[in-house]
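Enquirer: Residue-level listing of the chains:
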Amino acid sequence: DAGVTQSPTHLIKTRGQHVTLRCSPISGHKSVSWYQQVLGQGPQFIFQYYEKEERGRGNFPDRFSARQFPNYSSELNVNALLLGDSALYLCASSLGQGKETQYFGPGTRLLVL
Amino acid sequence: GDSVTQMEGPVTLSEEAFLTINCTYTATGYPSLFWYVQYPGEGLQLLLKATKADDKGSNKGFEATYRKETTSFHLEKGSVQVSDSAVYFCALEGLAGGYQKVTFGTGTKLQVIP
Chain V
56 DAGVTQSPTH LIKTRGQHVT LRCSPISGHK SVSWYQQVLG QGPQFIFQYY EKEERGRGNF
116 PDRFSARQFP NYSSELNVNA LLLGDSALYL CASSLGQGKE TQYFGPGTRL LVL
Chain Z
3 GDSVTQMEGP VTLSEEAFLT INCTYTATGY PSLFWYVQYP GEGLQLLLKA TKADDKGSNK
63 GFEATYRKET TSFHLEKGSV QVSDSAVYFC ALEGLAGGYQ KVTFGTGTKL QVIP
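Sequences listed follow chains V and Z, in order. Following this note's numbering, the numbering of the first sequence begins with 56 at its first residue and continues without gaps. Following this note's numbering, the numbering of the second sequence begins with 3 at its first residue and continues without gaps.
Think of the hints as simulated: they come from the structure by calculation, not from any bench. Worth double-checking, as some hints may not be accurate.
Derived EDC-like pairs (lysine to aspartate or glutamate); straight-line CA-CA distance at most 20 Å [as the list claims (entries may be wrong)]:
#, chain 1, residue 1, chain 2, residue 2
1, Z, 51, V, 117
2, V, 68, V, 130
3, V, 68, V, 117
4, V, 85, V, 117
5, Z, 51, Z, 4
6, Z, 58, V, 155
7, Z, 54, V, 155
8, Z, 70, Z, 4
9, Z, 70, Z, 44
Facing chain V, a subset of chain Z residues (Cβ under 8 Å, in silico) [unchecked claim]:
#, residue
10, 41
11, 48
12, 51
13, 57
14, 58
15, 60
16, 84
17, 86
18, 91
19, 104
20, 107
Heads up, the beta-carbon is just placed ideally off N, CA and C, and yes, glycines get one too.
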């Protein structure tokens with residue numbers, strides 16, 4: 056079975072640009088979460104989506120937004136990129152809300168110049 | 003809010019040495035606890051988990067026991083290999099405001115030398 060997939064794997068942008076990252080969850084999983092991992096630190100929670108609705112949001116500015124599609128895939132959008140947005144962006148999926156294990160994708164490495 | 007504290011690295015060990023990476027947590031309710039491993043240039047892989055007090059998670063020779071009385075989930079391995087070199091993250095998963103959130107520690111880098 057395919058795991059969580061993310062695209063692109065790497066991305067280079069300049070300050071002020073916009074970026075869209077994509078995630079496909081494991082088949083049958085209805086919940087998708089996004090995390091930001093800055094180099095040398097642990098991942099930080101950004102969003103959780105379940106059944107196409109935002110269920111949770113971490114301490115990130117409004118420049119960060121996301122959505123989930125009817126097929127449960129998800130996009131993370133970041134506007135007006137800053138140098139500090141350079142990070143590994145991880146997507147995780149799970150069956151749904153509750154005490155379930157989240158399975159992580161390989162991540163998208165974003166570099167903002 | 004929830005938090006995870008793990009020992010700072012890097013930890014350097016010789017092959018076949020015993021490994022302990024300490025992890026303590028603060029959380030409301032009864033979170034699930036995890037160890038994730040991240041190899042260079044890769045995403046996170048679930049190493050092991052425990053969902054309730056006194057549970058022992060184990061995988062690939064690694065073990066950790068959910069200790070509610072000491073709010074700890076220390077990672078151990080009896081004999082490390084060079085291939086175990088990676089960054090290890092302790093994490094807890096709880097429900098907050100109706101959603102599922104994983105809180106990570108800062109990671110401990112392990113380097114195993116031949």
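Enquirer: None of the hints should be skipped; say for each whether it holds.
Expert: Checked hints:
| no. | hint | verdict |
| --- | --- | --- |
| 1 | Z:51 x V:117 | violated (33 Å) |
| 2 | V:68 x V:130 | holds (17 Å) |
| 3 | V:68 x V:117 | holds (19 Å) |
| 4 | V:85 x V:117 | violated (24 Å) |
| 5 | Z:51 x Z:4 | holds (17 Å) |
| 6 | Z:58 x V:155 | holds (17 Å) |
| 7 | Z:54 x V:155 | holds (13 Å) |
| 8 | Z:70 x Z:4 | holds (15 Å) |
| 9 | Z:70 x Z:44 | violated (31 Å) |
| 10 | 41 | violated (11 Å) |
| 11 | 48 | holds (6 Å) |
| 12 | 51 | holds (6 Å) |
| 13 | 57 | violated (12 Å) |
| 14 | 58 | violated (16 Å) |
| 15 | 60 | violated (15 Å) |
| 16 | 84 | violated (22 Å) |
| 17 | 86 | violated (19 Å) |
| 18 | 91 | holds (6 Å) |
| 19 | 104 | holds (6 Å) |
| 20 | 107 | holds (5 Å) |
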